[in-house]
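Trainee: Okay, here's what each chain looks like letter by letter:
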Amino acid sequence: MNKGLEAIEARWLFNLKPEQIEVVVHPQSIIHSMVQFEDGSIKAQMGLPDMRLPIQYALGFPQRLPNSFPRFNFMDFPSLTFEQADVSVFRNLSMAYEAMRQGGNVPCVLNAANEVAVEAFLKGKCGFVEMSCIIEQTIGKCGFIASPTFSDYVETDREAREVAQSLIKA
Amino acid sequence: MHKNIAILGSTGSIGTQALEVVDAHPDRFSVEVLTANNSVDLLIEQAKKYQPNIVVIGNEAHYSLLSESLKNESIKVYAGEEAMSQVAATSTVDMVLTSMVGFSGLLPTIRALEAGIPVALANKETLVVAGDLIMNLARQKRVPVIPVDSEHSAIFQCLQGEPGNEVEKIMLTASGGPFRGKNVEFLRKVTRCQALNHPIGKWDIKSPSIQPL
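From first to last, the protein sequence lines are chains A and B.
Just so you know, we're using my numbering here: the first sequence kicks off at 45 and counts up by one.
Just so you know, we're using my numbering here: the second sequence kicks off at 1407 and counts up by one.
Source of the hints: derived by calculation from the structure; they are not laboratory data.
A few of these clues could be false.
Below, computed lysine to any residue pairings styled on SDA-like, alpha-carbon distance capped at 20 Å [what the hints assert, rightly or not]: (1) B:Lys1409 to A:Pro106; (2) B:Lys1595 to A:Glu163; (3) A:Lys61 to B:Gly1537; (4) B:Lys1575 to A:Lys185; (5) B:Lys1588 to A:Pro106; (6) A:Lys61 to B:Lys1588; (7) A:Lys167 to A:Ser210; (8) B:Lys1454 to B:Glu1488; (9) B:Lys1588 to A:Ser210.
Okay, chain B solo, but in the shape it has when bound (with noise of 0.2 Å):
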């Protein structure tokens, strides 16, 4: 099945990633709706790219750049935090990535869920948050959430082929970061380079998961 998929951050690490696996499957999926809080000159590039219907930026005083340089092309531009949320509602979109960092992932989480769309789900915030009333919502709405977090993809695939059969426990796997084995007194001293300093992956110094576990 081919999918209208609407990547809300697409700017950032896992928008850009998103991108990526668009680009490795043409055939099934096609960008719809493209989205970025600051970042106006990828934003800019990516749109010339994927030719979604629509893009949003979320600070408003990147609008005018934006839709001027998005003149020439068949693409409606819009601003704001209100424009950011309507747009998960896309009545084409068959999919919504909320891969937007902080809590304005929220709300466009819950206009997608209430207009019945999907939602690959990377916004640690909407859970962490309102994860009561965001899955409630999803129950009632009979929507799907599909966690895009490795740890909780990996936990959604184990379940997946087990309907009925009861979950005694789940173990969540973390490397450990930096600081694995170290004591209270050791980690009094620590730099923020130390705890940027992550054995697996460097650590996104914009990414608030600095701290190790």
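Isolated chain A, as found in the complex (with noise of 0.2 Å):
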């Protein structure tokens, strides 16, 4: 799900339709993602795995600030691989770009339901698979509002948890 969440979140940030939004699978996790333009040229940003760089580059923006963090050394990664992301399998990436297409408040619901999940399997109460059901399921069961106001989001909140709770409980 983590993932989905991610892609919702750059549809916002970088003003993309859900289909601009691609995930690739790369195990090393040097390259931490990438934008093809529409001349075909893909750029890649690169690095360790530290989330010290990202975070850096936020509070320095435009800046990039001088460090002593470890670099990166090619020949301790002599293969970067890819993989296409199953779908079929993980059916909460699906889950969260449907959600995306479907906008107004269901994000907001899917994000809740995936919390109250979480816990609930964290604590022995529901399986790793029926985490995407209890999920699938509360979106059904919510309003659906198309343009929300923030009081509206923080209602459908508490509604999204309270419904994902009660399928826990069922």
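Both chains are sitting in their own frames, so use the hints and assemble them into the complex.
Mentor: Take a look at the structure:
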């Protein structure tokens, strides 16, 4: 689900359509993401997986600041590999895209139900695969609002958590 | 340029790493505001070290301990959810880092943008839940929203120097998590321990992002 939520964030941050956002599995986590422009050229941002780098970039923007954090060495990662994300196995990713296409308060429901389901899983109250069922059913049961205001989001978050909780108890 | 930073959620994973970045660049960054929801002991320690102008504890039950512990420092101490979002609009702040977890990250982001303060965004809910509201407000106020998450930071960095150039698509990379290449039958039997055993950096048990992809 995490990648699905990131796709929703990317849609808003970069003003994209859902079909412009792809997920690529890259087990080494060296390429942090990529942009393909309309000439087909791709830019990839790379580095060691160290959260201090994006934090420093954001705080220092637009300047890059010198640091002594560990440096990447290509010979430590002689092969960078890529795989297709298997949405048939990981239903959460396709659910997140569906929520993104529906828009309105659906991503809000998705987020709330996901948090409740994850918590239940960690406490041993539901299985791994059931988490997806809880999220899907919660989306089905919550009322749709096409253009929510801030207070609509607060109310949707509350409602979705309540619905998801009741599904776990059931 | 020297920046006064407000770190909302300074005791979490992103908040503590942001303070490491501040440690690495004392000439560039000062800490103006620190906030935490519950981790009062670490907040006290951070306040003594970084000497912010303001600290806020979300859980009001910790207020007396916090203010008592900081009574000899020249630091303003507040508590509660309302204070948490108000400090995001402090006029002496040059940038707000929203590294708190949960839905409570929304209102401080709105307050900062309304006040025209740039936001370094690390709170997932802000855009997942209310991306339309937030980005419209940022455009209207002409305030930058800079992503902190490594994937979005990567895309943001790739887009620098490309004004007016159309994006065909973006590719978010995913490590695939511990269950990469597994089938549905396997997933049915996945336990909590397996789910937390992530190949790149262990997952934070408090983080809701325990599923792969």
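Trainee: Could you work out which earlier hints the structure fails to respect and list their numbers in ascending sequence?
Mentor: Checked against the structure, the hints that fail are numbers 4, 5, 6, 8 and 9, while the rest are satisfied.
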